[in-house]
Amino acid sequence: MSEKHVLLIEDEPHIAEAIRFILTRAGWVVSLETNGSAALGRIAAETPDAVILDLMLPGCSGLEILAELRAKPRFVDLPVLMLTARGQGRDREAAERAGASAFLAKPFANGDVLASLEAIIARAQSVRSA
Amino acid sequence: MARSALTGTRIRERRTALRMKQADLARTAGISPAYLNLIEHNRRRVGDSLLDQLAQVLGVDPVALSEGAEGVLFDGLREALVSAETEGGAQPAGLPELERIEEFVGRFPGWAAVLAGRQARVAALERVVESYSERMAQDPFLLASLHEVLSAVTSLRSTAAILVETEDIEPEWRARFLRTIQDESLRLSDTAEALVGYLDELEEAETGLSSPLEQVEAWLSMRGWHLPELEQADPPAPEALIDGVAELASGAARKLALAHIARASDDVRALPLAPFADALRELGCDPARLAQRFGAPMGSVFRRLATLPSGIEGAPPAGLVICDGSGTLTFRRAAPGFTMPRFGAACPLWPLYEALTRPMQPVRTVVDMAGRLPQRFLTYAFCAPRQPAGFDGPVLMEAMMLILPPPPERGPGERPVGSSCRICSRGDCVGRREPSILSEG
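Protein sequence lines, in the order shown, are assigned to chains A and B. My numbering numbers the first residue of the first sequence as 142 and each following residue consecutively. My numbering numbers the first residue of the second sequence as 92 and each following residue consecutively.
No wet-lab data here; the hints were simulated from the structure. What you are looking at is a predicted structure, and each value in this text was computed from that prediction instead of being measured. There could be a bad hint or two in this list.
[As the list claims (entries may be wrong)] Derived DEER-like restraints, expressed as beta-carbon distance ranges:
id: 1; chain 1: B; residue 1: Gly-428; chain 2: A; residue 2: Gly-168; range: 34 to 40 Å
id: 2; chain 1: A; residue 1: Gly-182; chain 2: B; residue 2: Arg-265; range: 31 to 37 Å
id: 3; chain 1: B; residue 1: Ala-204; chain 2: A; residue 2: Arg-231; range: 55 to 61 Å
id: 4; chain 1: B; residue 1: Leu-254; chain 2: A; residue 2: Val-170; range: 31 to 37 Å
id: 5; chain 1: B; residue 1: Glu-320; chain 2: A; residue 2: Arg-231; range: 22 to 28 Å
[What the hints assert, rightly or not] For lysine to any residue, the following SDA-like pairs were computed, each having C-alpha atoms within a straight-line distance of at most 25 Å:
id: 6; chain 1: A; residue 1: Lys-213; chain 2: A; residue 2: Gly-200
id: 7; chain 1: A; residue 1: Lys-145; chain 2: B; residue 2: Asp-259
id: 8; chain 1: A; residue 1: Lys-213; chain 2: A; residue 2: Ala-250
id: 9; chain 1: A; residue 1: Lys-213; chain 2: A; residue 2: Val-268
id: 10; chain 1: B; residue 1: Lys-346; chain 2: B; residue 2: Leu-332
id: 11; chain 1: B; residue 1: Lys-346; chain 2: B; residue 2: Ala-328
id: 12; chain 1: A; residue 1: Lys-145; chain 2: B; residue 2: Lys-346
id: 13; chain 1: B; residue 1: Lys-346; chain 2: B; residue 2: Arg-314
id: 14; chain 1: A; residue 1: Lys-145; chain 2: B; residue 2: Ala-252
id: 15; chain 1: B; residue 1: Lys-346; chain 2: B; residue 2: Pro-476
id: 16; chain 1: B; residue 1: Lys-346; chain 2: B; residue 2: Pro-485
id: 17; chain 1: A; residue 1: Lys-213; chain 2: A; residue 2: Phe-162
id: 18; chain 1: A; residue 1: Lys-145; chain 2: A; residue 2: Gly-240
id: 19; chain 1: A; residue 1: Lys-145; chain 2: B; residue 2: Asp-152
id: 20; chain 1: B; residue 1: Lys-112; chain 2: B; residue 2: Asp-152
id: 21; chain 1: A; residue 1: Lys-145; chain 2: B; residue 2: Trp-264
id: 22; chain 1: A; residue 1: Lys-145; chain 2: B; residue 2: Gly-335
id: 23; chain 1: A; residue 1: Lys-145; chain 2: A; residue 2: Ile-261
From the three backbone atoms N, C-alpha and C, an ideal C-beta is built for every residue, glycine too.
All chains should be modelled from the sequences, with the hints used to inform the complete structure.
So, in structure tokens, the structure goes:
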């Protein structure tokens, strides 16, 4: 099986480092983008298998990135795992409407990052093969 | 003068409250008892001069017997009714009838004033709550701080889990993650501290009030916690000591201040400054020995030690906290490093509360106060009953804790304590009653 590639869009360096460590050890190729404004360009250039997208980013919010992404036919089905704050129901609702594939509330258990990512990849594959 | 249909009712209520016979009031006012009876039952209109005469005999302003004096009350009661309708929807049968509001005010002016006053207070508090809610939802500092806290906690949790769960982690990664934990811990600590400070200031600013106890503490702090006027042979009247004091902004605070002065005066009489200073030099700072020397109550010694003027030989810097039987703090003089809660209850592990359960038994404990720089203190706690209403009155308990510098050597039985659960970092404390914003994130 070929290596899966995920683009992590997260401006908190220590959170990004932890996620990158966890996913890399699980066999993922992880690239990192810390600026919201540059995120869309990175996605277009790298065409990752999935995106982990933080809601609160400098430059351009996670919601804006997601909305622009879903507006492009090429990325309508791209699996996007959204990182939200625990208890922020309104943010989560807005992200759901904008087309997030799944959510992960901060603070999260490390195992949940991997499990959530694999779940949205599997779901996208089953939709494609159906 | 506008005249309500219930002026007579109010005259009767006032007369009966004064336990005055109808015949006596009638005679004094120069009318017949039968005529007064008709007035009191609202069957005769009262002329202005007679109303003035009756009011004078009853010791009230004539306006208080007429409608004009109750306008504010009516407004307050109507507001209370509207609130009840807005909150509850359907009302219980018979509550509250708007058309009988005048009768209610006329017959029970005291209760009506209480109800209207409560309504005004509720409305004021509702405004405070609204402004808080708005702040919490929109305040950029709060939102940014909470984001910081959440990010730090997320980072800490993930990094700690990696270190614990990854057995074959490379040394350079281990070192890197350990540095992360240190950095994020500091970030969390700084953010939480800033947040607590901000919330405390916010509360003060938003309500525009500090509690009466805080006002008294501010005044005493400004006076160096010592009132030299009381040491004079002929001390001034207590009122003169608080006259024009800006810190004592509320009537409640001035009452508390007068109570403090009265108590301090008793303490001065029981423990005159010069002999007390001599005894302190001779016996050391031992409250029990000092109390025995002067035949004074232990509480007086505690209070005297905590409010001595500076420069007394042998007098250590002392803090003092006093609580009543409910555990509510009624006096707080903080010692440097010994943090006292501004709001809510204190740490349940304070020896103060142990003393409360063991009246008349001295409790000596060295405590270790949680904080960024943990500090030890020697505490003496004591609880004694009071019976201000006499032998047959209720017994009121009062506990005090004197806070002194610690002994140089650590000993067995030293007790970890905090300020209050909300801002205490001792996560595994057996006494914890609510999560801490410092330890739980």
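Exercise. Could you check the structure against the hints above and give me the numbers of any it violates, in ascending order?
Key: 1, 3, 4, 5, 8, 12, 17, 19 and 22
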